[in-house]
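Q: One-letter residues, chain by chain:
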Amino acid sequence: MKKNLRWKLILILFVIALSIFLIYPPKDKIKLGLDLKGGTHLVLQVMTDDAINAETDQQIARFEEVFKKNNVTYTEAAKEKPGRFHFKGINADQEGKVRDLIDQYTRDWDYSFSGDTVTFNLKPTAEQFLRDQAVIQTLETIRNRVDQFGVAEPIIQRQGSDRIVVELPGIEDPERVKNLIKVTAVLEFKLVKAGPAPDEETLLQPYGGKVPEDAEVVKGDPKRGHQGFYLVSKVASITGKDLRTVRRGTDEWNNPAVHFTLTPDGARRFEKVTGENVGKQLAIILDGKLQSAPVINSRISDSGIIQGPFTPEEADDLVVILKAGALPAGIKYLEERTVGPTLGADSIRQGLAAGLVAIFAVMAFMLFYYKLSGVNAIVALFLNELIIFAALSYFKATLTLPGIAGIILGIGMAVDANILIFERIKEELALGKNVFSAINNGFSRAFTAIFDSNLTTIISAIFLFQFGTGPIKGYAVTITCSLVANLFTAVFVSRFIFELIVPNNAKRLSI
Amino acid sequence: MDIFKKTPNIDWLKFKWIALGLTTLIILAGILNITLGKGLKMGVDFGEGTLIRIKFKEPSSVSDIRKRLNEVGLGRSIIQETGKDGREFQIRTVEVKTTRQDQTQELESHQVLANKVIEALQKKEDQEKIARGLLDLNNIDHKTIASLLSQAFPEKSEELAQKIIEFRRQNGLITDWNELKKEPYSLDDQVISFLQQKTFLGSMTVLSRETVGPQVGKDLRKRATQAIIWSLMAMLVYIAFRFKGVEYGAAAIFTLFQDVLIALSIYSFTNREINLPIIAALLTIVGYSINDTIIVFDRIRELKRTLRKEPLEKIMNLSINLNLTRTIFTSGTTFLAVLALYLFGGKVINDFAFIMLIGSVEGVYSTFFMSCPVVLFWNSLFKKKK
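Heads up: the protein sequence lines correspond to chains F and E, in order. Take the first sequence: its letters are residues 0 to 510, numbered as in numbering that gives the first Met the number 0. Take the second sequence: its letters are residues 0 to 385, numbered as in numbering that gives the first Met the number 0.
Hint data in this document are derived by calculation from the structure and do not stem from the laboratory. Misleading hints may appear alongside valid ones.
Said to hold, decoys possible - Label pairs and their in silico Cβ distance ranges:
(1) F:Pro123 <-> E:Arg131: 53 to 61 Å
(2) F:Pro24 <-> E:Gly244: 50 to 58 Å
(3) E:Gln196 <-> F:Ile461: 53 to 61 Å
(4) E:Gln150 <-> F:Lys222: 20 to 28 Å
(5) F:Lys395 <-> E:Leu35: 47 to 55 Å
(6) E:Lys83 <-> F:Val378: 33 to 41 Å
(7) F:Gly248 <-> E:Asp187: 30 to 38 Å
(8) F:Leu21 <-> E:Lys83: 36 to 44 Å
(9) F:Ile461 <-> E:Phe268: 30 to 38 Å
(10) F:Ser297 <-> E:Pro183: 57 to 65 Å
(11) E:Arg131 <-> F:Ile15: 56 to 64 Å
(12) F:Glu79 <-> E:Glu127: 48 to 56 Å
(13) F:Ser297 <-> E:Gln169: 54 to 62 Å
(14) E:Lys180 <-> F:Arg268: 57 to 65 Å
To be verified - As a list, the in silico BS3-like pairs of lysine-lysine whose alpha-carbon atoms are at most 25 Å apart:
(15) F:Lys30 <-> E:Lys162
(16) E:Lys115 <-> F:Lys177
(17) F:Lys425 <-> E:Lys313
(18) F:Lys395 <-> F:Lys30
(19) E:Lys128 <-> F:Lys177
(20) E:Lys40 <-> E:Lys221
(21) E:Lys128 <-> F:Lys222
(22) E:Lys303 <-> F:Lys425
(23) F:Lys288 <-> F:Lys222
(24) F:Lys36 <-> E:Lys162
(25) E:Lys346 <-> F:Lys36
(26) E:Lys162 <-> F:Lys26
(27) E:Lys197 <-> E:Lys155
(28) F:Lys87 <-> F:Lys209
Cβ atoms here follow ideal geometry from the backbone N, Cα and C, with glycine treated the same way.
Construct the entire structure; sequences and hints are all you get.
A: If you want it as structure tokens, here you go:
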């Protein structure tokens with residue numbers, strides 16, 4: 000064997016060995032997209048306005064307190080829109096004091112005086128930060144919830160400024176998990192002042208039709224068997240943040256219920272509230288809906304039960320969301336794609352069938368038309384397929400259905416290079432060149448055309464990858480891998496095989 | 000072996016008027032159809048409705064499904080049979096008219112429609128069973144099955160659930176309890192009788208459901224447009240770089256637009272929808288077809304140097320004839336592969352395969368019949384005045 004051939008052989012064997020090493024075992028190495036293995040793909044939007052709104056409310060409450068403490072009088076404090084509020088009716092001689100106080104207490108808000116009104120505007124940088132934080136926290140909370148729920152290998156990623164992509168393999172009935180992700184999960188314990196009443200008017204009659212300043216109205220959750228309206232204290236005794244542990248258990252009648260324990264700080268406050276209000280009702284409120292309103296029988300310190308009626312699944316889900324914490328902002332679903340196990344398996348089967356038919360058709364054609372040289376092309380074709388899968392597993396790319404289409408299309412395109420070379424060799428032979436130089440010229444002269452043709456297709460694949468979504472990215476990846484591998488297999492390997500098999504002084508070539 | 004004993008001597012340019020006429024006809028018909036006729040239908044990817052694929056236990060028909068959908072006021076949905084045994088169908092709900100206020104809720108309203116479709120197609124007895132608290136074993140997922148089984152078989156619930164899902168993966172849906180007892184699933188009688196108490200075998204299963212809300216739909220439209228614009232631009236840069244003569248560059252660009260327009264025109268006459276894979280196919284067609292043209296043009300330049308005396312028309316014909324075999328064969332092998340995909344690749348990828356089929360034939364047509372005449376037209380328009 001000639002020396003340069005030996006090196007080529009070593010290189011080719013190395014590539015084959017490396018490819019097999021990268022692919023083996025294929026079950027673990029080749030990642031399948033949701034369209035092939037089944038599962039749910041969700042895109043949701045974080046309503047970051049909620050976070051701005053909450054911040055605005057907090058600031059108003061804070062300055063009300065600050066002004067009260069420093070004897071600043073005003074007639075009205077009002078939110079104009081999220082990120083903008085004002086205090087009206089401030090005495091002219093207190094303006095300086097107010098400016099000092101604002102400078103002292105906040106850097107995130109711009110303010111301006113006009114007459115007796117000071118208007119606060121959230122700074123754009125602070126607003127951006129708040130929105131960003133809301134998305135990050137939402138993402139973390141969703142991740143916690145999905146982990147607690149127990150999904151194997153979920154993908155939860157931020158997309159753009161305020162979107163989150165959630166991919167849940169093996170979940171084909173997404174309603175439950177969708178609800179689980181969507182609930183805001185703000186848990187509050189508040190004292191019941193009155194209720195239940197069938198409507199708000201009846202409820203507020205004893206109070207002259209107006210909601211007292213220290214109270215608010217909540218609705219019962221019909222799912223938990225509470226229909227009417229309740230008047231509860233405005234300030235929560237404890238909230239979801241005070242929970243230390245949450246687990247599913249049963250109540251005294253053996254129905255599903257949720258048990259919780261409190262942090263030391265939460266327990267102290269809870270003990271005080273329950274101790275002072277024995278005999279009264281305590282409302283357990285989730286996302287503004289009253290879940291239950293048990294009577295406080297005695298002082299409770301650090302643990303308690305939330306009673307249903309729950310189904311076992313509902314109790315489980317409540318545990319999950321209470322453990323994972325509340326969402327800082329509401330979310331909205333933008334896209335939902337669910338693929339069941341059957342369709343994914345069908346797609347793989349059909350893709351495999353189409354791929355095999357394509358390979359055999361192309362093989363038959365190459366053998367029929369180029370005879371023994373066709374074998375050369377077929378070896379290159381198989382090596383090409385091997386390298387595609389090796390590249391897929393090396394780049395940890397996901398194989399999708401369009402990706403399979405790309406591979407099959409690649410089967411047809413991979414032999415193009417061989418055809419270009421073989422036709423050129425034939426032309427050279429027809430011109431009376433000997434076999435050796437015909438092969439040499441064929442390869443060197445066809446190369447530009449091969450490079451050109453692969454390049455134009457790769458150009459469009461690159462932009463598809465840039466702008467495409469998951470499945471299309473899979474297509475762009477496989478077609479690009481196929482065409483790049485093609486330069487190695489059809490040009491380098493194919494030529495090696497000719498050099499190895501066809502003697503230098505050969506008189507005829509089977510082509 | 001050669002298909003042509005020697006280089007053929009076909010006068011391709013003789014057909015230039017016919018070819019131009021045919022191209023114009025196809026594109027004109029396409030444009031008329033797209034603008035005034037039924038137009039290009041945008042698919043679910045671009046925010047239009049919901050696509051549901053279902054499989055029934057017993058064979059059904061499009062007219063039967065339409066009848067049932069009509070009862071709930073969704074008779075306008077597009078219904079297609081996708082399997083071979085009359086059990087698999089694809090239903091696409093048609094866009095709901097919504098006011099602007101509703102638009103934020105549009106994804107939900109799509110989903111409401113999808114739920115309505117599924118409900119309408121389910122048998123009455125299925126719904127009664129669900130109302131009684133039974134679970135539909137043909138539709139619940141692995142997790143739900145596992146947690147159900149853990150009530151009675153805590154040790155092997157995961158394994159059992161896996162077997163049931165595997166059965167559905169292989170067969171679509173369970174039609175008979177006895178099927179689960181057979182190898183290789185071999186669930187024992189205890190498990191089966193527990194499942195019979197808690198679940199039932201629904202009359203259909205939902206194979207897939209896709210809904211894209213208007214916001215993401217708009218976003219995907221934008222991305223698709225960007226992908227098209229950028230790759231066409233890159234193609235133009237490539238052409239400008241690759242060709243010195245303006246007339247050849249112009250012809251290559253013309254070919255590029257013709258590829259897209261002809262493929263879209265023919266596509267518009269089918270009942271198929273435009274989704275992201277179709278955009279991918281169009282760009283691939285453009286990249287792939289421009290090569291043949293480039294190869295012919297390269298040959299023309301080469302021959303112009305050696306055959307100075309010959310008229311350009313003759314050189315063009317010779318160039319095409321010299322490249323005849325390889326142009327036909329390179330596209331031919333791709334055509335074979337795409338044909339395999341079209342025939343055996345399944346419904347989901349069928350539209351993609353279809354437009355690729357058009358593209359691979361059209362690419363050869365444009366190389367043989369259109370690219371060279373465009374150079375001649377360009378010359379007669381701009382170069383005569385010299």
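Q: Each hint: holds or not?
A: Going through the hints against the structure:
1. The hinted range of 53 to 61 Å is satisfied by Pro123 (chain F) and Arg131 (chain E), whose Cβ atoms lie roughly 57 Å apart.
2. Against the hinted window of 50 to 58 Å, the Cβ-Cβ separation of Pro24 (chain F) and Gly244 (chain E) comes to about 55 Å, which satisfies the hint.
3. Range check, Gln196 (chain E) to Ile461 (chain F): Cβ separation about 57 Å, and the 53 to 61 Å hint holds.
4. The hinted window of 20 to 28 Å between Gln150 (chain E) and Lys222 (chain F) holds, with their beta carbons roughly 22 Å apart.
5. At about 48 Å, the CB distance of Lys395 (chain F) to Leu35 (chain E) agrees with the hint of 47 to 55 Å.
6. The hinted range of 33 to 41 Å is satisfied by Lys83 (chain E) and Val378 (chain F), whose Cβ atoms lie roughly 36 Å apart.
7. In this structure, Gly248 (chain F) and Asp187 (chain E) meet the distance hint of 30 to 38 Å, their C-beta atoms being roughly 32 Å apart.
8. Our hint of 36 to 44 Å for Leu21 (chain F) and Lys83 (chain E) holds, since their Cβ atoms are close to 38 Å apart.
9. Taken as a hint, the range 30 to 38 Å holds for the pair Ile461 (chain F) and Phe268 (chain E), whose Cβ atoms sit roughly 31 Å apart.
10. One distance hint, 57 to 65 Å for the beta-carbon pair Ser297 (chain F) and Pro183 (chain E), holds here, with the actual separation near 59 Å.
11. Here the CB-CB span from Arg131 (chain E) to Ile15 (chain F) is close to 60 Å, well matched to the stated 56 to 64 Å.
12. For Glu79 (chain F) and Glu127 (chain E), the hinted distance range of 48 to 56 Å is satisfied, since their beta carbons lie about 54 Å from each other.
13. Against the hinted window of 54 to 62 Å, the Cβ-Cβ separation of Ser297 (chain F) and Gln169 (chain E) comes to about 59 Å, which satisfies the hint.
14. A beta carbon spacing of about 59 Å between Lys180 (chain E) and Arg268 (chain F) agrees with the range 57 to 65 Å that was offered as a hint.
15. For a cut-off of 25 Å, the pair hint linking Lys30 (chain F) to Lys162 (chain E) stands: about 22 Å separates their Cα positions.
16. Simply put, Lys115 (chain E) and Lys177 (chain F) have alpha-carbon atoms about 18 Å apart, close enough for the 25 Å limit, and the pair holds.
17. Restraint check for Lys425 (chain F) and Lys313 (chain E): the C-alpha separation of about 23 Å stays at or below 25 Å, so the hint holds.
18. This hinted pair checks out: Lys395 (chain F) and Lys30 (chain F) have alpha carbons roughly 7 Å apart, not beyond 25 Å.
19. Distance hint between Lys128 (chain E) and Lys177 (chain F) is fulfilled; the C-alpha atoms sit about 24 Å from each other, no more than 25 Å.
20. Among the hinted pairs, Lys40 (chain E) with Lys221 (chain E) is consistent with the structure: their alpha-carbon atoms are about 17 Å apart, no more than 25 Å.
21. Distance hint between Lys128 (chain E) and Lys222 (chain F) is fulfilled; the C-alpha atoms sit about 21 Å from each other, no more than 25 Å.
22. A C-alpha spacing of about 23 Å is found between Lys303 (chain E) and Lys425 (chain F), which places the hinted pair at or below 25 Å, so the restraint holds.
23. Taking the CA atoms of Lys288 (chain F) and Lys222 (chain F), the gap is about 10 Å. The hint holds against a cut of 25 Å.
24. Restraint check: the Cα-Cα separation between Lys36 (chain F) and Lys162 (chain E) comes to about 15 Å, which is no more than 25 Å; the hinted pair holds.
25. Between Lys346 (chain E) and Lys36 (chain F) the alpha-carbon distance is near 17 Å, which keeps this suggested pair within the 25 Å criterion.
26. Restraint check for Lys162 (chain E) and Lys26 (chain F): satisfied, since their Cα atoms lie roughly 18 Å apart, inside the 25 Å limit.
27. About 17 Å separates the Cα atoms of Lys197 (chain E) and Lys155 (chain E), which keeps this hinted pair within 25 Å; it holds.
28. Between Lys87 (chain F) and Lys209 (chain F) the CA atoms are separated by roughly 24 Å; this keeps the pair inside 25 Å, and the hint holds.
Violated hints for the displayed structure: none, as all numbered hints are satisfied.
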